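Okay, so the sequence shown: first residue is 18 according to my numbering, each after it adds one.
Hints may contain errors.
As the list claims (entries may be wrong) - Below are the DSSO-like pairs computed for lysine-lysine, each with C-alpha atoms no more than 27 Å apart in a straight line: (1) 117 x 62; (2) 78 x 117; (3) 117 x 99; (4) 78 x 62.
To be verified - Quick list of the computed label-pair ranges, beta carbon to beta carbon: (5) 45 x 87: 48 to 54 Å; (6) 41 x 61: 28 to 34 Å; (7) 96 x 41: 23 to 29 Å; (8) 34 x 79: 16 to 22 Å; (9) 47 x 26: 30 to 36 Å; (10) 40 x 62: 31 to 37 Å.
Because the hints were derived from the structure by calculation, they are not lab data. Keep in mind the model is a prediction, meaning the values are calculated, not measured. Using N, Cα and C, we set each Cβ at its ideal position, and we do this for glycine too.
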Amino acid sequence: MDFRRTSPEQNYDRFLARGKRARKWASLTMFVMTGAALTAIWQEKRLAPPVHDGMQVTAVKVLELIESSEGARSFVTAAVSKISDNSDRSGSPVTAALLKLRQ
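Model the full structure from these sequences, guided by the hints.
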């Protein structure tokens, strides 16, 4: 494309569109990088002990909320049952899925 033959308005519109795409990809990248960092912190407490401790508290609260809500419990059960088999001895679909992934 020859940029010398385009009007300044067209150049500006392309500039705005390119900026919009860049912001979209930057947001997605930031989300993925944050998830990766939190996963690493969850796995290794020494990376950020206060964050890891906060995640432990949050995980307990989320599990309590899931257990207290019939809709959330059935959603988790349905979602996890797709990746787990029925040979679970604990009765928990989450435990069954984690045990299957571990094998």
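Hint check results:
no. : hint                : verdict
1   : 117 x 62            : 25 Å, holds
2   : 78 x 117            : 25 Å, holds
3   : 117 x 99            : 12 Å, holds
4   : 78 x 62             : 19 Å, holds
5   : 45 x 87: 48 to 54 Å : 34 Å, violated
6   : 41 x 61: 28 to 34 Å : 31 Å, holds
7   : 96 x 41: 23 to 29 Å : 28 Å, holds
8   : 34 x 79: 16 to 22 Å : 39 Å, violated
9   : 47 x 26: 30 to 36 Å : 32 Å, holds
10  : 40 x 62: 31 to 37 Å : 34 Å, holds
The earlier numbered hints that this structure contradicts are 5, 8.
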